[in-house]
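All chains, please: the whole structure from these sequences, using the hints.
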Amino acid sequence: MTEHVVIVGGGTGGTVLANDLADRLEPELDAGDVRVTLVNDDPDHVYKPVWLYVPFGQREPDDGRRPLADLVDDAVDLRIGRVSDIDTESQRLEFHGRTPSVGYDHLVLATGSTLEPEQIPGLAEGGHDYYSESGATDLRDELLGFTEGDLVLSVIGTPHMCPAAPLEFVFMADDWLRERGLREDVDLTYTYPIQRVHGNPHIAEWARPLMEERDIQVETFFNAESIDPEAETITSMEETELDYDLLVTIPPHGGVNLIEEAGLGDDGWVDVDKHTLEAEAAENVYALGDTADTGVPNAGSVAHYQAGVVGQRLASEIRGRPATATYDGKTLCFIETGMDAASFVEFDYESPPSPAPPSQKLHWSKLAYNESYWLTARGLL
Amino acid sequence: MTDIEPDDTVDARGAACPGPLMDLIGRIRSAESGDVIRLLSDSGQSLTDVPEWAEEAGNELLAVEELDDHNEFYVEKA
Chain A
1 MTEHVVIVGG GTGGTVLAND LADRLEPELD AGDVRVTLVN DDPDHVYKPV WLYVPFGQRE
61 PDDGRRPLAD LVDDAVDLRI GRVSDIDTES QRLEFHGRTP SVGYDHLVLA TGSTLEPEQI
121 PGLAEGGHDY YSESGATDLR DELLGFTEGD LVLSVIGTPH MCPAAPLEFV FMADDWLRER
181 GLREDVDLTY TYPIQRVHGN PHIAEWARPL MEERDIQVET FFNAESIDPE AETITSMEET
241 ELDYDLLVTI PPHGGVNLIE EAGLGDDGWV DVDKHTLEAE AAENVYALGD TADTGVPNAG
301 SVAHYQAGVV GQRLASEIRG RPATATYDGK TLCFIETGMD AASFVEFDYE SPPSPAPPSQ
361 KLHWSKLAYN ESYWLTARGL L
Chain B
1 MTDIEPDDTV DARGAACPGP LMDLIGRIRS AESGDVIRLL SDSGQSLTDV PEWAEEAGNE
61 LLAVEELDDH NEFYVEKA
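Chains as they are written, first to last, in our numbering: chain A, 1 to 381; chain B, 1 to 78.
Since the hints were made in silico from the structure, they are not lab data.
No residue lacks a Cβ here, since even glycine has one placed at the ideal position from N, Cα and C.
Please note that the accuracy of each hint is not assured.
[To be verified] Just a few of them, taken from the derived set where beta-carbon distance is under 8 Å, the chain B residues facing chain A:
hint, residue
1, G19
2, I25
3, L47
4, D49
5, A57
6, G58
Quick look at the structure:
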């Protein structure tokens with residue numbers, strides 16, 4: 001009998017895992033004892049970190065897109081379709097349209113984050129973002145011509161993808177405006193929902209003095225409640241109102257509805273054991289990346305490391321051996337601190353981050369990694 | 001033991017800081033004025049985070065119950 005592994009989601013986690021399994025289970029795949037199917041609703045794989053550079057005119061959205069068929073090992077069945085239902089009792093997935101349903105022996109959910117701007121009145125009309133291709137290009141069109149006024153960056157949704165990116169954006173905007181002789185004409189304000197500038201206290205403690213040095217104004221305990229696009233104001237639940245000429249936000253995030261409908265967790269995040277990544281509410285189901293509610297950042301590095309763990313565990317289970325691989329919370333992030341300097345953090349469940357002094361070398365390391373990411377997606381790096 | 005009847009409960013036990021406060025803020029966001037939300041948290045940081053935010057946002061922290069393995073916060077939306 002052939003054991004069938006189905007991975008839903010062709011982002012970083014799902015793609016790395018598909019290639020990991022193709023390599024790890026090569027004998028079983030060749031013999032027809034195992035099948036691996038990767039399901040995605042888009043024929044392309046999208047590398048989202050590229051979007052941070054789009055508003056500054058340094059990258060194009062196409063730099064972050066490649067066909068999944070070019071990235072995924074030929075031993076993996078690639079199915080382009082959108083799942084409409086997950087039945088963890090009968091172990092079957094239903095699809096929208098005429099795509100036939102599929103059964104699984106092992107299911108991995110890597111469906112990622114979606115943006116939910118509609119949660120905040122006025123946000124879709126008044127706010128810009130760099131968390132989507134269209135958002136990043138629309139913001140570019142505004143930012144490239146922005147020469148004076150109030151530029152406000154408001155973090156609204158948490159958890160959100162890439163927790164470092166809001167800090168990176170204001171540090172880059174500050175440097176970019178200085179280089180162009182416009183900084184004195186632009187007031188830059190950063191808002192964050194809790195009492196510090198980042199969720200992680202160690203990163204917040206490091207970033208706050210940098211923001212003060214660079215005259216980036218900070219509003220903490222700022223949870224956006226509504227935006228008035230006509231008056232160009234953003235108002236918080238804490239009743240602070242800010243004027244803006246250009247508003248950039250990190251919109252509210254959610255997972256896909258399928259997860260909650262399948263009873264696997266709230267808001268689209270799967271409740272998992274944070275070490276084994278097994279779903280708590282169903283057998284033979286794993287989740288990874290943003291989809292797994294582990295409390296670690298929603299970052300590509302997390303999905304990458306978790307894919308390795310799930311790959312090892314699935315291979316052990318398929319071979320009838322005890323699965324021993326566990327995820328230790330490992331997270332790795334570069335943090336741009338300007339247009340030509342960056343810091344770096346590495347941490348896990350037990351060890352807190354200690355940001356490295358910003359340097360040009362780290363900036364180039366980040367850009368070099370972003371180029372070599374395509375090797376990661378192929379399972380080579 | 002308090003006899004406050006919450007309208008909704010957020011169980012953030014197991015979530016690391018700032019998860020519990022963010023979970024509370026998310027639930028308050030969708031609550032009606034006058035609703036009481038109970039937050040369950042085993043993060044020690046919540047003992048300072050939650051009162052600070054409640055005051056800042058003008059919501060009332062009605063009670064804090066310190067139990068053996070977690071704390072319970074009762075917050076009324078203004």
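Against the structure, the hints come out as follows:
Because the beta carbon of B:G19 sits about 6 Å from the nearest beta carbon in chain A, less than 8 Å, this interface hint is met. The interface hint given for B:I25 holds, since its Cβ lies 6 Å from the closest Cβ of chain A, which is under the 8 Å cut-off. Because the beta carbon of B:L47 sits about 13 Å from the nearest beta carbon in chain A, more than 8 Å, this interface hint is broken. Hint status for B:D49: holds, given a least beta-carbon distance of 7 Å to chain A, under 8 Å.
With a least beta-carbon distance of about 5 Å to chain A, the hint placing B:A57 at the interface is held under the 8 Å criterion. The interface hint given for B:G58 holds, since its Cβ lies 7 Å from the closest Cβ of chain A, which is under the 8 Å cut-off.
Against the hints set out earlier in the document, a violation occurs for number 3 only.
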